[in-house]
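Peer 1: Letter by letter, the chains look like this.
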Amino acid sequence: MAGSYNNEPLLEMFVFETTQLLEQLEQIIIANCYEQENINEIFRIMHTIKGSSAMMNFKNISMLTHKIEDLFYFIRDNKPPNIDYSKLSDIMLESIDFIKLEISKIENGNKLDGDSSPIREKVDNFLTIIKDFNYKAEAAEEKTENSAEKAEEDSKIQNDVLSNKKKFKATVFFEEDCELENIRAYTLINDLKTIAEDIYYIPDIEKSDSAEIIRKDGIQIWFKTDISFNDVHSILSKTIFLRNMELIELEESNESNQHINSNIKQFHTDVASSMKDMEQNTHMLSSNQSMISVNVAKLDKLMDLVGELVISETMVTHNSDLEGLKLDNFQKAASQHRKIINELQDIAMSIRMVPLSATFRKMNRIVHDMSKKLSKEVRLEIIGEETEVDKNIIECISDPLMHIVRNSIDHGIEPTEERKAKGKPDVGTIILEAKNVGGDVLIIIKDDGRGLDKRKILDRAKARGLMNRPESELTDKEIYSYIFLPGFSTNENVTEYSGRGVGMDVVAKNIGSIGGTVSVDSIPDKGATITLKIPLTLAIMDGMIVRIGNVSYTIPTLNIKESFKPKENDVIRDPDGNEIIMIRGECYPVLRLNELYKIKTDITSISDGIIVMVESEGKYLCIFVDALVGERQVVVKVLPKYIRNFKKIRGIAGCTLLGDGSISLILDIADLITE
Amino acid sequence: MKKVLIVDDAAFMRMSLKSILERNGFEVIGEAENGEMGVQKYKKYNPDLVTMDITMPEKDGLQALKEIKAYDNNAKVVMVTALGQEAFIMDAIKSGAKYFIVKPFKEEHVIKVLNDLSKV
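Protein chains in written order, with the working numbering: chain R, 63 to 737; chain A, 80 to 199.
FYI, nobody ran anything at the bench for these hints, they're computed from the structure. In this text, all values refer to a predicted model and were calculated from it rather than measured experimentally. Note that beta-carbon positions come from the ideal geometry of N, C-alpha and C, so glycine has one too. Among the hints, erroneous ones may be present.
What the hints assert, rightly or not - Here are the simulated DSS-like pairs of lysine-lysine, each with C-alpha atoms no more than 27 Å apart in a straight line:
no.	chain 1	residue 1	chain 2	residue 2
1	R	Lys255	A	Lys148
2	A	Lys177	R	Lys278
3	A	Lys177	R	Lys231
4	A	Lys191	R	Lys278
5	R	Lys516	R	Lys484
As the list claims (entries may be wrong) - Covered stretches of chain A (in silico footprint by chain R; criterion: 3 or more residues with CB under 8 Å from a CB of chain R, positions within the stretch not fixed):
no.	stretch
6	88-98
7	166-180
8	191-198
Said to hold, decoys possible - Among chain A residues calculated to face chain R with C-beta under 10 Å, some are:
no.	residue
9	Ile133
10	Met135
11	Val159
12	Leu162
13	Lys185
Make a model of the complete structure from these sequences and hints.
Peer 2: Below you can see the structure in the form of structure tokens.
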């Protein structure tokens with residue numbers, strides 16, 4: 063059944079929406095705030111996921127969410143006083159993790175093999191416990207209600223005997239698997255009310271097993287009406303999902319009495335109003351209202367097109383055919399045109415921007431889980447979560463951020479006793495802050511723990527041979543920065559959380575890969591601060607255009623340390639014949655781009671060209687080019703698929719279009735240096 | 080072509096219903112993600128049929144049904160519900176809903192119910 067819906071966009075939507083809902087749910091659970099409003103919200107989230115996953119035929123998810131929905135249904139309507147909220151949170155988090163794992167399997171195209179039955183059992187047990195408690199309180203109440211009902215029923219029966227309208231008995235069966243037969247029966251009876259009176263029926267549709275009984279035996283209805291047999295028949299035949307029906311006109315005026323037994327229940331018009339009224343759900347994420355979700359690929363395409371538009375605009379307005387012409391009106395129109403295109407470019411960029419809030423809030427969970435397991439008390443404070451960065455960048459900073467936060471809790475924040483002894487507040491604090499500074503975003507992770515151990519870092523750096531200068535010449539900040547060097551890890555006891563064989567060097571590498579930088583500061587016993595500086599977007603970059611022969615290349619400005627005109631005798635050759643240049647007493651390898659990419663150029667003598675010194679991850683390279691053309695903001699484009707599939711070209715990150723319509727390849731400095 | 084308004088807070092459900100309806104010759108003239116928007120869009124588009132989820136934020140399907148019925152007593156509203164919500168459907172039926180669809184729904188059920196209702 064669900065298989066027929068199992069197409070790509072639906073699956074994508076399912077994954078997208080469920081992931082969002084889970085995030086929302088996780089925040090509610092972690093906040094540990096089980097107010098009525100939140101209980102409604104949890105119920106609704108579970109309800110939605112249950113429905114969607116059932117449609118997609120993901121049974122393990124739908125069965126689990128169904129159970130949780132039942133649990134919160136009970137909590138919502140009965141407000142049991144004996145809930146162990148901490149245990150409830152544990153079950154909920156476990157469930158969230160389970161569903162998340164299954165979702166990731168869906169995303170990766172793997173089979174859903176998770177078994178939710180152990181968690182379902184926990185939910186069941188939890189529900190049983192709180193129900194047991196409630197049951198006792200309710201038992202007495204119910205008793206009085208029952209007897210009142212019975213009295214009412216009896217009196218109805220009496221009335222019935224006195225009446226003399228035509229009496230009918232109908233037995234109705236519904237189509238197989240139309241589901242909710244009891245409610246279908248209810249609809250039928252509700253319809254009958256308009257033409258009949260004194261309606262009795264078996265079974266009691268409010269009982270939970272009534273649907274099953276109706277499926278097997280049909281619903282039997284006795285009623286009185288003054289319309290003809292044929293009319294009744296035709297009305298009843300219109301019932302939707304009707305499989306078959308038997309209608310009999312009863313002769314005996316009190317025939318119906320014989321059928322009335324304790325199972326038969328008068329149809330009360332107020333039956334539904336006695337049901338629990340649904341809570342008015344006033345809580346709503348108002349931001350959802352005017353938002354749509356768009357596939358990122360479309361945004362990439364848009365950004366791409368806008369980039370091309372910017373370039374074609376230059377090609378038109380600065381067209382060589384126009385040179386020397388006096389075109390006042392044209393210039394006016396062109397300047398208006400340019401203004402609009404610039405605005406369009408800004409908007410296209412801003413569409414790709416997403417707030418950091420979701421990424422930041424993920425950290426709540428990390429703090430919650432880790433502080434629980436490490437028995438430390440830690441509070442996470444989030445500032446500036448509304449700060450926006452490009453969608454692609456967000457994806458790259460989540461892991462580094464997680465790592466830094468883990469590190470802070472594991473190594474930075476002291477155990478409670480130690481904090482007490484130091485006169486610090488019992489609860490440690492980690493502040494996660496984001497703010498815009500110029501064209502960059504700063505993300506600051508600050509803890510009030512013990513800070514970095516300078517001595518330990520120095521010892522480790524020495525042992526690893528990472529020291530490039532004497533200790534006395536290093537500032538504190540430089541010493542702390544050693545933690546970002548590859549292969550550095552001061553903690554001897556690798557823990558479950560921040561150990562894992564990856565250190566801060568991976569953080570530095572990941573942030574570097576999106577054109578960002580990491581820095582650290584620390585005050586002993588006051589805490590450490592790690593600052594990530596990341597660009598707003600990957601789609602636009604500052605680049606230096608260089609020329610070799612008649613080909614131009616773009617070097618990311620971020621990588622450039624300096625450029626200079628070398629002298630002939632600056633360059634020496636190492637024993638392998640590789641060129642090396644001496645600058646201020648240090649040797650750097652030289653790379654001639656014309657040789658690497660086999661470009662014809664007249665400039666081969668080192669003193670005729672220019673050296674651009676670039677750096678990536680602490681390693682340097684001197685690139686020899688003919689000339690510098692100038693610095694530009696360029697729109698980064700990936701190389702077309704047919705080129706990427708054909709061959710991996712060393713040192714090329716992508717390409718960009720220049721103002722004159724020519725293509726410039728963007729150099730991948732990290733790639734050039736490592737090879 | 081019958082015009083349908085889909086009211087459901089889950090984008091996934093809206094998408095599922097929409098593709099089913101469009102495959103079967105219905106025109107989806109609007110979607111709403113809560114009861115409040117549902118009522119507003121009903122007034123705006125005057126659809127022939129409405130599919131109404133019950134559990135929604137802001138304004139639930141029952142309330143929205145009542146308001147739509149108050150605005151247009153002939154409104155044809157199909158409640159979309161899940162197993163376990165029997166009590167709500169009974170409420171909905173009392174408030175004038177004629178039909179309901181049970182999630183997870185089957186294409187032929189959805190179409191049958193909508194066709195039936197549009198004939199009434």
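Peer 1: Can you give the numbers of the hints that this structure goes against, from lowest to highest?
Peer 2: none
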